[in-house]
Amino acid sequence: MISKPIVSPTLLTASPDRYASSDVTCVIEQLEERRFMSASLQIENLDILPGYERMVFTKVQQLDKNFPNKYKEFGSLRLRNVGDAPLSLSGLNVSGPYKVVSGFPSSISPGGYADIRVQFTATTPPPFTYNQTSGLDAVKQAGTWFGSLKFNTNDPRNSTYTETLAGWYQTRSEHENEASLQTVINVLMDYKTNIAPPNSVFLKQYGGVPHYYGEEVVSGYWQAADPSKPVGVRQVAAFHGQGDDAPVSWFAQGTTSKNLIFRQDGRYGQTLLPVLASGAPAAGTFSTTKTFGFHLDEEWSDDKLNKRNQYSKGHHVRFFPVRDHFGNKLNNLYFMTMDYSFPGPSGRPNEDFQDNIYIVSNVKPANGATSPTVPPVSPPTVPPTVPPTVPPTVPPTVPPTVPPTVPPTVPPTTGTPKVSFASTAVSVVEGNSGLKAVTLTVKLEGNPAGETRLYYSTSNASTATRGTDYSGAAGSVIFYHNGAKTKTITVYVKGDTVKEGNENFYVNLYGIQSGVLGASKATVTILNDD
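Each position in the sequence shown, counted from 1, maps to that position plus 180 in the numbering used here.
Any given hint could be a false lead.
Under the rule of at most 25 Å between Cα atoms (straight-line distance), these lysine-lysine pairs were calculated in the PhoX-like manner [claimed, not checked]: (1) K701 / K674; (2) K438 / K484; (3) K493 / K384; (4) K384 / K409; (5) K330 / K384; (6) K616 / K509; (7) K667 / K623; (8) K487 / K384; (9) K330 / K674; (10) K409 / K484; (11) K674 / K598; (12) K484 / K544; (13) K470 / K384.
FYI, nobody ran anything at the bench for these hints, they're computed from the structure.
Could you put the whole structure together from the sequences, leaning on the hints where they help?
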């Protein structure tokens with residue numbers, strides 16, 4: 181460290197530990213399909229970021245003497261009952277250095293919700309496994325603490341819910357105790373964007389020319405992907421000089437006139453998810469039809485505008501596409517990271533590129549830059565301190581309340597489209613570790629007049645358990661007029677070395693619009709090979 185934020189226009193009110201903003205869409209987990217006359221749990225992480233599931237925290241042990249640190253010590257989950265019967269909750273269990281500091285409800289009425297507040301309570305760094313810091317001299321003074329929050333419900337589809345908790349603990353403010361760029365994005369926040377080779381501390385640049393890494397998109401200028409909507413900027417992390425408010429601005433191409441988007445609260449100079457002086461999330465929006473660049477405190481996104489350019493020709497700001505925890509690239513969303521160009525003790529910038537990290541929404545590269553510029557490779561595998569057991573958050577499975585309209589220019593067809601699983605039984609060998617994909621084929625009989633849309637979700641059978649044996653999944657399938665007759669759904673099973681029998685879980689089709697369902701439940705059998 182050297183001294184010196186998605187896309188929804190809905191405004192959400194935020195408290196200091198509820199980081200909402202007008203330019204982000206929160207991750208809401210609708211747990212499996214809804215059933216009438218039953219309770220149905222929906223989870224909302226109030227740290228609102230796109231493609232984001234975990235609750236994340238920060239703690240600094242030795243505070244800065246001149247500007248005592250503030251950091252993200254708390255987080256909140258909203259539990260909603262979107263069912264038709266009271267939701268009962270019991271058996272709260274919290275692992276790792278975390279505790280629930282609010283009350284925990286025993287029941288939630290239909291249509292109601294309750295918020296639970298969690299505190300990160302670590303007092304020491306975690307046991308050392310590998311260097312997660314942005315330097316080489318304090319590798320055992322900081323690291324990631326994993327934990328989980330688990331409870332039971334009477335939701336018939338999801339009797340147990342588990343939330344992963346990830347906290348960054350650093351002994352000192354600054355002093356190479358900061359999290360590396362890879363640690364922030366891949367380990368703590370569980371995004372699958374390929375930043376650099378595994379366990380990279382620095383994004384070094386040699387020979388006085390820029391060096392590009394991972395999926396980096398090389399573009400100094402950008403445009404609004406949808407000019408009718410604002411561009412959003414949300415600060416994901418700050419690891420710079422404590423007390424610096426690090427203003428972020430935009431400027432029109434061809435000028436150097438800066439337009440301020442926001443300044444963070446300088447007391448949150450060493451934390452994930454910093455805030456503004458008001459306590460609201462460090463986030464802002466702007467609207468323009470012009471091609472624009474960004475100015476981050478002292479650095480420009482256009483390399484040619486940076487004066488200290490002897491080390492990399494001014495390449496001090498990097499962009500990477502945002503990939504969620506499934507590895508899916510999220511449209512028009514990019515990480516924007518920067519490195520202050522001030523020479524450090526070595527006589528050159530330290531090239532950690534995590535001094536300020538943002539997510540920028542509703543943007544596309546300008547001037548013909550491709551996305552991504554560097555072909556993606558498998559995301560780095562970074563071993564957590566304690567392997568989390570929670571599966572990734574799945575997309576909401578509540579169908580839209582307004583069915584899509586059929587374009588009037590498409591002639592109607594005879595017969596009702598019918599959608600079924602091509603096979604209602606598939607199997608996969610478990611394996612000893614990692615995730616293994618299982619592909620199911622969905623077939624269409626007939627021809628939609630416009631489109632036929634339906635939804636799918638996974639659910640437990642009598643043996644396999646979501647989160648332990650397989651990753652929960654949900655989403656939609658769309659068939660179009662005169663389009664493909666088959667679609668595929670991919671789910672993932674988890675490998676282990678436990679000697680056990682074969683296990684089953686279900687993939688369900690439901691909520692079809694402009695059609696009827698045939699065989700709507702498929703059984704996936706996990707074949708034990710231990």
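To see whether the hints hold, each was checked on the structure:
no.	hint	in the structure
1	K701 / K674	holds, 21 Å
2	K438 / K484	holds, 16 Å
3	K493 / K384	holds, 13 Å
4	K384 / K409	violated, 36 Å
5	K330 / K384	violated, 41 Å
6	K616 / K509	holds, 20 Å
7	K667 / K623	holds, 6 Å
8	K487 / K384	holds, 19 Å
9	K330 / K674	holds, 19 Å
10	K409 / K484	violated, 29 Å
11	K674 / K598	violated, 32 Å
12	K484 / K544	holds, 20 Å
13	K470 / K384	violated, 32 Å
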